[in-house]
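Adding 43 to a residue's 1-based position in the sequence shown gives its number in the numbering used here.
Please keep in mind that the hints were generated in silico from the structure rather than gathered at the bench.
We put the beta carbon where it would ideally sit given N, CA and C, even for glycine.
Certain hints may be false.
What the hints assert, rightly or not - Pair ranges (Cβ atoms, derived):
| hint | residue 1 | residue 2 | range |
| --- | --- | --- | --- |
| 1 | P65 | V286 | 35 to 43 Å |
| 2 | G273 | M44 | 39 to 47 Å |
| 3 | K234 | E268 | 38 to 46 Å |
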Amino acid sequence: MINGERATQFLQTLVQINSVNPPANELVVAHKIAEHCTRYGLEVDIQMIDDARANIIVKLLSHAKEKKASLLFSGHLDTVPVGDLPWDFEPFSAEIIDGKMYGRGTTDMKGGVAALLEAMIILKEKKIPLKGDLLFLGTAGEEVDCIGAKQAIETDIVKNAGAIIIAEPSSGEIFCAHKGVLWLEIETFGKTAHGSMPQNGINAITHMHKVISVLQNYSFRTVEEHPLLGRPTLVISTIKGGVTTNVIPDYCAIRIDIRSTPLLSHQEIVEDIKEIIGEIRKTDHDFHAKIHVIHDLNSIDYSGSQALLAQLKAVKNELSNVTLLEKGVNYYTDGSVFSTATNAPIIIYGPGNENLAHQPNEHIEMNAFFDAIEFYSVFAERYLT
């Protein structure tokens, strides 16, 4: 049975901790989780990344003689910044109004983290003998570089999992696929000169304009639409260059956000853009540019894991009388990193609304939060017994 007051207070405690990344300071969140979970008899292990950053593992261990593979719950402990747009509520207040808790991280994804842990506490209190371990991995840094997930795959917690459930916001839907991400930085280099004498300089911004013009019409080699993820996308998301109005800029840089599908090779994309730069160079010998890979995570697709998906859908139908179809989502998760270390299916199911993630007035519906707790606890019990 769900202890609504306990779960609500725990979520409020997590939201009231500022874990904006950077600098994140996930260690504070990890300590609060450890304090809460040990109070209710769960084992915890904090894995340090540096002085202020950490992963946390929470364990509900099986005492079966012959264990089945573990079920791994996972969620990240950091959040994105509050942003420049005004909020109607203090972003770390965790204030509840009209059945909604407001605050940075409520939906992405401290709501999911708190729901997973409350489900583990419920199973601990029920004293049901499990045939496999139920584990939780709280990771550092998912919002920036997945540093926590990258450290976690060096241990057995991911490698030995039979299935992984990530509580990223999904509005109570089952996401069995998500896009990959490739972030690139392109730099152009010129020669500075006085603004009144442009003939003495080489304008790096003008050179970058040539790159941008070609990228706007770039076609991916694979244009076939993925059944769950659609088509890949390319967005030029940042640009910087220039010193002041009367100086010819000798440097310009852009960053590109590419979201890929399993049908697409990241290496091919990088090769294509290098070729674009090379073609520009052929027509302009003053043109000089470099490309750097900033972030590179593969897409995932576990739509073939029909046995696990059937179990998940059966629990959802039983609890909510809703028949779900497996879907895909455009964002990426720690699942991209986990997938490099295990063949276990990775499924996303969370109480938050993905459309509210990273937004001002981010919030979570408390009823959805409680429903997720019930879903996780019932599914884990069925899976491990």
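How the hints compare with the structure:
For the hinted restraint 35 to 43 Å between P65 and V286, the CB-CB distance of approximately 26 Å leaves it violated. Between G273 and M44 the beta carbon distance is about 41 Å. The supplied range of 39 to 47 Å therefore holds. The beta-carbon spacing between K234 and E268, approximately 45 Å, falls within the hinted interval of 38 to 46 Å.
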